[in-house]
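Okay, here's what each chain looks like letter by letter:
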Amino acid sequence: MATVPSKAQVVVIGAGIVGNSLVHHLARLGWNDIVQLDMGPLPNPGGSTGHASNFIFLTDHSREITDLTLDSVEQYQEMGVFTKSGGFEIARTEERMEELRRRMSSAKAFGIEAEIVDPAFVKEKVPFIETDQFIGAFWQPEVGVVDSLRAGTIMRERAMETGALTVVPNVEVTDLDVEDGRITRVHTTDGSIEAGTVVIACGVWSPKIGDMAGISIPLTPAVHQMISVGPCPQLAETEGEITFPIVRDMDTFCYERQHGADMEVGSYAHRAILHEPEDIPTIEQAKLSPTEMPFTDEDFDPQLEQALELMPELLGADGAEMRYAINGLLSLTCDGQPILGESLVKGLWTAAAVWIKEGPGVGRAVAEQMTQGYSEIDIHHCDIARFYPHQMRREHTRLRTTESFIKTYGIVHPAEQYESDRDQRLSPMHDSEQKFGAVFFEAVGWERPQWYESNSDLLEVYGDAVMPREHEWDSRWWSPIINAEHLRMREAAGVVDLTAFCLFDIEGPEGSGSALASVQQTCVAQCDVAVGKVIYTPVLDAKGGFVSDLTVMRLGEDHFRVVTGGAHGQSDKKWFADRLVEGATLTELTDEVSTIGLWGPQAREILASLSSDDLSHEGFGLLTCREITVDGISVLASRISYVGELGWELYVSFADAAALWEKLLDAGQPHGARPVGIGVYATTGRIEKSYRAFGYELDAERTIVEASMQRPKVKAADFVGKADYLKQREADPQAVLCTLAVDDHTSASGVKRYMLGGEPILTRDGGTLTDGHGHHPHVTTAGSAPSLGKHLLLAFLPPAEASVGNELAVSYMEELYPVTVVSADATPAFDPDNLRMR
Amino acid sequence: MTDVLVCIKRVPDTSGQVLLTDDEQSVDARFVGFTVSNHEHAAVELAIRMADATGGTVTLLSVGPADAVEQLRSTLALGCQAAVLVEAEPTGLGPADVAAEIAAVVQDKAFDLVLLGNDAADSGDFQVPVRLAYALDRPIVVGASSVEIADGRLKSFVDGPEGEETYDLPLPAVVSVLEGGVEPRYPSLKGRMAAKKVEIETRTPTREPVGANRVRLTLPPAEPNEVEVLGEGPGTAPAVVDLFERLAVL
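Protein chains in written order, with my numbering: chain A, 1 to 838; chain B, 839 to 1088.
Worth double-checking, as some hints may not be accurate.
A short list of chain A residues far from chain B (calculated; beta carbon distances all over 12 Å) [claimed, not checked]:
1. His259
2. Thr282
3. Ser289
4. Asp301
5. Pro312
6. Arg323
7. Gly463
8. Ala492
9. Leu622
10. Gly766
Here are some chain B residues pointing at chain A (derived, C-beta under 7 Å) [unchecked claim]:
11. Asp851
12. Asn876
13. Val996
14. Pro999
15. Leu1027
16. Arg1030
17. Asn1051
18. Phe1082
Source of the hints: derived by calculation from the structure; they are not laboratory data. We put the CB at the ideal spot given by N, CA and C, even for glycine.
Based on the provided sequences and hints, a complete structural model is requested.
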């Protein structure tokens, strides 16, 4: 048995599926002195991997999670531990059938074999199922089960064969040392290890270990109940672990999965049962294992009844007993995403809140990031740097997971809002917005008006131009008022609360050039511009994929201000902070400086009525910024627009923001201006202009060239991703981001349907399209374009399909709708020459 | 037809490391949950077999907190027909109190046969069965591994140091059961569903408890944890077989 060495290149804490995958991939990528610790014995140290049900359904509505799953399946197959069984998701209601059709969209978009089938099809493959209990099913033949413990052993052994790995089981981590913001040492019950790189990959215990280094890993251990019933005579005669397809009974939030002669029934239907990492028993204290907690049968009883109705002959067979029943612990997070990447402590990485189906893929992606700074699969939605302070509270995770647990198998609308732990971050205009009847959507804790009920009078003004939606699903979390606000902004002006922006200043000592050097090496665009210039720029990783797109204002020779979206603001802040040139400092201003947008043909008149500063096109040009005074309030005004209209972003101190907001609305009233919500700012205004958004169109797997965002020249100065960006410019793109318009919305039933995003783009007659990456095109953003009277879609198409006028189709809820390419580059669908910006 | 009463107690599952509550008055179930002891599982199994063989019924009785309903339900799921809970705060009860409450139920409902576990898994008083038999003025067999009913008499078998002892006694009677004589069954789904429908009769104690007179519980010193590595690789197989044979699991 190995002992704890005194030094290591990297220490991986945890020998579950994630830690094992990590050590394998780190060794493969050339790390040669890896120490892996676990407080339990091998091969099952007692974490969540040890009691996992180990089945893998492939289709998730998240592209990122689906890609990690597909990559994991490939790895499991290569190790010979994957058994294909096929899997059904059955529907007991018509509402669920619609959700299964939506799953078909995701399956097609991500290239997964799937079909909608009738109960007789299911019965043929699962003879002991009662067909009168459900009305249809989603069939994925490639679903299967894995031996995750065996996979872990294989991966550890592969790393050990290279001589790179020392595994030390039965050793507990007792403390982590951090010096000058860097991880330096791991203390254990068996001695200390000096290491500059440490990965916390210990599942439900991760928060406890994170606390030792002062970082928050906001996940909660949560119960997933599972029982095993057997022996069932119908299963006893079959060979191997699994013969019959797995059944997910979606409307009862349960699954039935054969395991030899037994049938496992698992549930996500019970109340959320959450634990604290500190309250998980030790191996000695636990009856079974630390993460197999005592079963609470009253929580499971309703599911028993439903399972018995679905499979009465099998589960009710003579001799079939409940021999194993656990409250199994797994990890849940406030937004349902894993927690991956380097923490705010340098060299301290995390890979937690990961399920068996993503484990090997996550191990590979994190190992790639640790080694080369980027991963093949974009994992920015999982970045640990994404969390704002309010999300790092355990209370937040508890409240959010309590709300979301029951949605594990739920039908979740893409725009669905959380109800718990709201009102965490309120803009200075919040009171005023409430008076306008704002319908608030949350963005990283900020309450943002999506639209204002007070604008409902505009519905009559604009009539059918607001493009009302008849179908409940299409209009859920939506209002035609958004489109009415849009039309009023284009006709007169709109005032938008943009407080959720993440702002940070990068400054350096006078004359040092360190601030410029910091932004210059991080941004693609030329940052050595005159003071008062506004720069819109992509930010790339080392392989030329998008890390972000944002604006930078040069406020002084040695003073730059970065403005970026709230959603990825913390990740962007870390990205810049990690690349500061010596002497430069980064200061976040998000909670001190509010932003108000004023746009529309009347914007100049409105602002001019409150200010004596020169606001003419000549005196205050596009992409410039300067301090102005608005009725006595000092404001930094920046002439840019994300909605394609004349106007400004106005940065103002929190103390003055509400007053400025009122003044703008008062001054705007005679001009017809209205408060306008984020529905316009983020969707309708943006999509009419074919503006790209990070996290939708743009991510690390996309390039500037594919998004048609390249400028004629590349700056001489070096920047991250430059070499690859230069290569991308020379090569033919593998995919091209296009804007498409839906030609006809009429469904077979006659109801007009409006896509919401995520749908596959097909040939007019429903044929599959494939781009140069082997990906299938799907809608990255969908939204109304009220000024065009069209519903627009953005999608990356194969280059051969990317031509204006090309006629294709979009599949929505398993029906085809004709679409036509209206833009095959960044040319806006609306006001293509940007005349309105002047 | 034999109608059997089986007494069960809600106790922490002590198959892992045993922890005590801060007041040292009971075992802490935080990590392990509650169950009924293995002796009582064996008693329930014997009762169900007798009831099945004779067309009789099994009634469960627990003297304890309201949460003991969980144990009554999960035991009902094995194939019992009725359950009674005498609701009382367990830390205030001594063996004399428990025996008195059981006796009251037996006298009220006239059960011919009462089965109990040999001793409670948590407090380990070893007193209730004998006190119950005394209170009811009935014969008792202690530490039985199995029981049979034939021709209105009870045969009870005890694994003694010199071999199996057989007791033949008249009914009504009391038997305390030791685990090991029968393999207790697990619940079936149908059993669990049936158990949900049973209405559990709740009673209040018949008298003020005299208490346990327990000062505190203490834990024995931890047993040294010895690990012997038999070997590594396929060559170790004979040693493993040998060990299994010695442990009589093969």
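Status of each hint after checking the structure:
no.: 1; hint: His259; in the structure: holds, 16 Å
no.: 2; hint: Thr282; in the structure: violated, 8 Å
no.: 3; hint: Ser289; in the structure: violated, 10 Å
no.: 4; hint: Asp301; in the structure: violated, 6 Å
no.: 5; hint: Pro312; in the structure: violated, 9 Å
no.: 6; hint: Arg323; in the structure: violated, 5 Å
no.: 7; hint: Gly463; in the structure: holds, 58 Å
no.: 8; hint: Ala492; in the structure: holds, 64 Å
no.: 9; hint: Leu622; in the structure: holds, 65 Å
no.: 10; hint: Gly766; in the structure: holds, 44 Å
no.: 11; hint: Asp851; in the structure: holds, 5 Å
no.: 12; hint: Asn876; in the structure: violated, 13 Å
no.: 13; hint: Val996; in the structure: violated, 28 Å
no.: 14; hint: Pro999; in the structure: violated, 31 Å
no.: 15; hint: Leu1027; in the structure: holds, 5 Å
no.: 16; hint: Arg1030; in the structure: holds, 6 Å
no.: 17; hint: Asn1051; in the structure: violated, 30 Å
no.: 18; hint: Phe1082; in the structure: violated, 20 Å
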